[in-house]
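Novice: Per numbering that gives the first Met the number 0, residue 0 is the first one in the sequence shown, and the count goes up by one each step.
Please note: incorrect hints may appear among the correct ones.
Listed next, the in silico EDC-like pairs over lysine to aspartate or glutamate satisfying Cα-Cα at most 20 Å (straight line) [as the list claims (entries may be wrong)]:
hint, residue 1, residue 2
1, Lys-166, Asp-134
2, Lys-131, Glu-184
3, Lys-131, Asp-146
4, Lys-23, Glu-119
5, Lys-118, Glu-184
6, Lys-139, Asp-170
7, Lys-65, Asp-45
8, Lys-86, Asp-146
9, Lys-65, Asp-134
Hints in this document: simulated from the structure, not taken from any laboratory.
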Amino acid sequence: MEFTVNGPVILASGSPRRRELLEKLGIPFDSMPSNVDENVELIDGDFKDYVQKLAVKKGSAVAERKQDALIIAADTIVVFEDAVYPKPATAEQAEQFLNQFSGKTHSVFTGVCIKGKDKEIVFSVETKVTFKELDEGLIKAYVNSGDPMDKAGGYGIQTAGALLVEKIDGDYLNVVGLPLSKLVEILRREDLLVLKESESP
(Lines of atoms letter the chains of each structure in order from A and count residues from 1; the text may use other names and numbers.)
(Lines give C-alpha, C1' and ligand atoms only; values in the text may rest on other atoms or scores of the structure.)
Protein backbone atom coordinates (compact mmCIF):
# COMPACT_ATOMS: atom_id res chain seq x y z
CA MET A 1 0.00 0.00 0.00
CA GLU A 2 1.57 3.26 -1.15
CA PHE A 3 0.54 6.90 -1.08
CA THR A 4 1.42 10.04 -3.00
CA VAL A 5 1.33 13.71 -2.01
CA ASN A 6 1.47 16.92 -3.98
CA GLY A 7 4.35 19.13 -2.93
CA PRO A 8 6.83 18.98 -0.06
CA VAL A 9 5.92 17.53 3.34
CA ILE A 10 7.58 18.61 6.59
CA LEU A 11 7.34 16.69 9.85
CA ALA A 12 7.63 19.42 12.49
CA SER A 13 9.43 17.17 14.94
CA GLY A 14 12.87 15.87 15.75
CA SER A 15 11.44 12.66 17.21
CA PRO A 16 12.97 9.55 15.63
CA ARG A 17 9.83 7.62 16.58
CA ARG A 18 7.51 9.97 14.69
CA ARG A 19 9.86 9.89 11.73
CA GLU A 20 9.80 6.09 11.67
CA LEU A 21 6.00 6.09 11.78
CA LEU A 22 5.59 8.61 8.97
CA GLU A 23 8.06 6.63 6.86
CA LYS A 24 5.49 3.80 6.83
CA LEU A 25 3.43 5.84 4.35
CA GLY A 26 6.21 5.69 1.80
CA ILE A 27 6.05 9.41 1.02
CA PRO A 28 9.06 11.73 0.85
CA PHE A 29 9.32 14.20 3.72
CA ASP A 30 11.82 16.21 5.71
CA SER A 31 12.02 16.60 9.48
CA MET A 32 12.36 20.03 11.01
CA PRO A 33 12.17 20.47 14.80
CA SER A 34 10.06 23.48 15.77
CA ASN A 35 12.27 24.49 18.72
CA VAL A 36 9.38 26.41 20.28
CA ASP A 37 8.72 27.20 23.91
CA GLU A 38 6.25 24.48 24.90
CA ASN A 39 4.58 26.48 27.65
CA VAL A 40 0.83 26.38 27.01
CA GLU A 41 -1.87 27.13 29.55
CA LEU A 42 -3.96 24.18 30.71
CA ILE A 43 -7.55 25.40 31.07
CA ASP A 44 -10.07 23.50 33.23
CA GLY A 45 -8.20 20.22 32.90
CA ASP A 46 -8.90 20.04 29.16
CA PHE A 47 -5.93 17.92 28.12
CA LYS A 48 -7.11 17.48 24.53
CA ASP A 49 -7.24 21.24 24.07
CA TYR A 50 -3.84 21.55 25.76
CA VAL A 51 -2.07 19.03 23.54
CA GLN A 52 -3.74 20.41 20.41
CA LYS A 53 -2.46 23.90 21.26
CA LEU A 54 1.04 22.48 21.63
CA ALA A 55 0.79 20.85 18.20
CA VAL A 56 -0.49 24.09 16.64
CA LYS A 57 2.37 26.02 18.22
CA LYS A 58 4.91 23.61 16.73
CA GLY A 59 3.23 23.56 13.33
CA SER A 60 2.93 27.34 13.13
CA ALA A 61 6.61 27.84 13.95
CA VAL A 62 7.70 25.57 11.11
CA ALA A 63 5.07 26.93 8.69
CA GLU A 64 6.61 30.39 9.03
CA ARG A 65 9.84 28.97 7.63
CA LYS A 66 8.29 26.61 5.05
CA GLN A 67 5.21 28.34 3.69
CA ASP A 68 4.93 26.18 0.57
CA ALA A 69 4.91 22.84 2.41
CA LEU A 70 2.37 20.58 4.04
CA ILE A 71 3.29 20.66 7.73
CA ILE A 72 2.52 17.79 10.12
CA ALA A 73 3.15 18.61 13.78
CA ALA A 74 2.42 16.53 16.86
CA ASP A 75 2.86 16.57 20.60
CA THR A 76 2.30 13.72 23.04
CA ILE A 77 1.56 13.98 26.75
CA VAL A 78 1.01 11.42 29.49
CA VAL A 79 -1.72 12.24 32.01
CA PHE A 80 -2.33 10.54 35.36
CA GLU A 81 -4.69 11.77 38.07
CA ASP A 82 -5.17 15.13 36.30
CA ALA A 83 -1.44 15.85 36.07
CA VAL A 84 0.83 15.94 33.02
CA TYR A 85 3.92 13.72 33.28
CA PRO A 86 6.75 15.10 31.10
CA LYS A 87 10.05 13.53 30.13
CA PRO A 88 11.75 12.75 33.45
CA ALA A 89 14.53 15.14 34.41
CA THR A 90 16.40 12.53 36.45
CA ALA A 91 16.52 8.77 36.91
CA GLU A 92 14.94 9.25 40.32
CA GLN A 93 12.00 11.07 38.77
CA ALA A 94 11.61 8.30 36.18
CA GLU A 95 11.39 5.75 39.01
CA GLN A 96 8.83 7.94 40.75
CA PHE A 97 6.67 8.11 37.61
CA LEU A 98 6.73 4.35 37.09
CA ASN A 99 5.92 3.65 40.74
CA GLN A 100 2.91 5.93 40.44
CA PHE A 101 1.72 4.22 37.25
CA SER A 102 2.17 0.73 38.73
CA GLY A 103 -1.09 -1.24 38.70
CA LYS A 104 -3.06 1.76 37.47
CA THR A 105 -4.40 3.27 34.24
CA HIS A 106 -3.17 6.52 32.72
CA SER A 107 -3.98 8.34 29.48
CA VAL A 108 -1.74 9.23 26.55
CA PHE A 109 -2.89 12.15 24.40
CA THR A 110 -1.36 13.10 21.07
CA GLY A 111 -2.39 16.34 19.43
CA VAL A 112 -1.81 16.73 15.70
CA CYS A 113 -1.79 19.87 13.56
CA ILE A 114 -1.86 19.68 9.76
CA LYS A 115 -1.09 22.98 8.05
CA GLY A 116 -1.32 23.61 4.31
CA LYS A 117 -1.38 26.75 2.22
CA ASP A 118 -5.06 27.41 2.82
CA LYS A 119 -6.10 25.12 5.66
CA GLU A 120 -5.36 24.06 9.20
CA ILE A 121 -6.70 20.84 10.68
CA VAL A 122 -6.24 20.01 14.35
CA PHE A 123 -7.24 16.86 16.20
CA SER A 124 -6.20 14.70 19.13
CA VAL A 125 -6.39 11.05 20.09
CA GLU A 126 -6.48 9.50 23.56
CA THR A 127 -5.25 6.01 24.44
CA LYS A 128 -5.58 4.48 27.90
CA VAL A 129 -2.63 2.43 29.16
CA THR A 130 -2.79 0.11 32.17
CA PHE A 131 0.44 -0.92 33.86
CA LYS A 132 1.13 -4.20 35.62
CA GLU A 133 1.94 -4.23 39.32
CA LEU A 134 5.63 -3.43 39.03
CA ASP A 135 8.34 -4.60 41.41
CA GLU A 136 11.25 -2.36 42.33
CA GLY A 137 13.77 -4.57 40.56
CA LEU A 138 12.00 -4.26 37.22
CA ILE A 139 11.58 -0.51 37.61
CA LYS A 140 15.25 0.04 38.49
CA ALA A 141 16.48 -2.21 35.67
CA TYR A 142 14.34 -0.35 33.14
CA VAL A 143 15.39 3.07 34.39
CA ASN A 144 19.06 2.03 34.44
CA SER A 145 18.75 1.10 30.75
CA GLY A 146 18.36 4.83 30.02
CA ASP A 147 15.28 4.24 27.88
CA PRO A 148 12.84 6.37 29.94
CA MET A 149 14.81 9.60 29.82
CA ASP A 150 13.71 10.97 26.44
CA LYS A 151 10.08 9.86 26.64
CA ALA A 152 6.99 11.55 28.06
CA GLY A 153 5.91 9.75 31.20
CA GLY A 154 9.23 7.94 31.46
CA TYR A 155 8.60 4.87 29.30
CA GLY A 156 8.49 3.75 25.68
CA ILE A 157 5.81 1.25 24.73
CA GLN A 158 7.72 0.34 21.56
CA THR A 159 10.85 -0.62 23.51
CA ALA A 160 11.46 -2.58 26.73
CA GLY A 161 8.82 -0.36 28.35
CA ALA A 162 6.28 -2.73 26.80
CA LEU A 163 7.16 -5.17 29.60
CA LEU A 164 5.55 -2.77 32.08
CA VAL A 165 2.19 -2.72 30.29
CA GLU A 166 -0.80 -4.90 31.17
CA LYS A 167 -3.11 -3.64 28.41
CA ILE A 168 -3.97 -0.67 26.23
CA ASP A 169 -7.34 0.67 25.17
CA GLY A 170 -7.07 2.54 21.88
CA ASP A 171 -4.46 3.31 19.24
CA TYR A 172 -1.07 1.75 20.01
CA LEU A 173 0.80 4.07 17.63
CA ASN A 174 -0.73 7.04 19.44
CA VAL A 175 1.27 5.98 22.50
CA VAL A 176 4.42 5.73 20.36
CA GLY A 177 3.87 9.34 19.29
CA LEU A 178 1.72 9.61 16.16
CA PRO A 179 -1.84 8.28 15.61
CA LEU A 180 -1.08 7.17 12.06
CA SER A 181 -4.47 5.64 11.26
CA LYS A 182 -6.39 8.81 12.14
CA LEU A 183 -3.78 10.98 10.41
CA VAL A 184 -4.09 9.04 7.15
CA GLU A 185 -7.89 9.09 7.38
CA ILE A 186 -7.92 12.89 7.65
CA LEU A 187 -5.22 13.47 5.02
CA ARG A 188 -7.13 11.30 2.53
CA ARG A 189 -10.45 12.96 3.34
CA GLU A 190 -8.90 16.35 2.63
CA ASP A 191 -7.27 15.08 -0.61
CA LEU A 192 -3.84 15.80 0.85
CA LEU A 193 -2.80 12.15 0.58
CA VAL A 194 -3.76 9.90 -2.34
CA LEU A 195 -3.67 6.12 -2.35
CA LYS A 196 -1.73 4.78 -5.32
CA GLU A 197 -3.68 2.36 -7.44
CA SER A 198 -2.09 -1.06 -7.25
CA GLU A 199 -1.15 -2.70 -10.50
CA SER A 200 -2.86 -5.95 -11.45
CA PRO A 201 -0.58 -9.00 -11.38
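Novice: Hint by hint, note whether the structure agrees.
Specialist: The hints, checked one at a time:
1. With a CA separation close to 17 Å, the supplied pair Lys-166 and Asp-134 stays within the 20 Å bound.
2. Of the pairs offered as hints, the one joining Lys-131 and Glu-184 is violated, with about 32 Å between alpha carbons and a cut-off of 20 Å exceeded.
3. Annotation: proposed proximity of Lys-131 to Asp-146 holds, straight-line Cα distance about 18 Å (limit 20 Å).
4. The suggested pairing of Lys-23 with Glu-119 is violated, with an alpha-carbon distance near 23 Å, which exceeds 20 Å.
5. As the CA atoms of Lys-118 and Glu-184 are separated by approximately 16 Å, the hinted pair is consistent with the 20 Å bound.
6. Note on Lys-139 and Asp-170: the hinted pairing is violated, with a Cα-Cα distance of about 28 Å set against a maximum of 20 Å.
7. Pair hint Lys-65 plus Asp-45 does not hold up; C-alpha atoms about 30 Å apart against a cutoff of 20 Å.
8. Note on Lys-86 and Asp-146: the hinted pairing holds, with a Cα-Cα distance of about 11 Å set against a maximum of 20 Å.
9. A distance of roughly 48 Å separates the Cα atoms of Lys-65 and Asp-134; the hinted pair therefore is violated under the 20 Å criterion.
The structure fails hints 2, 4, 6, 7 and 9 (numbered hints given earlier, in ascending order).
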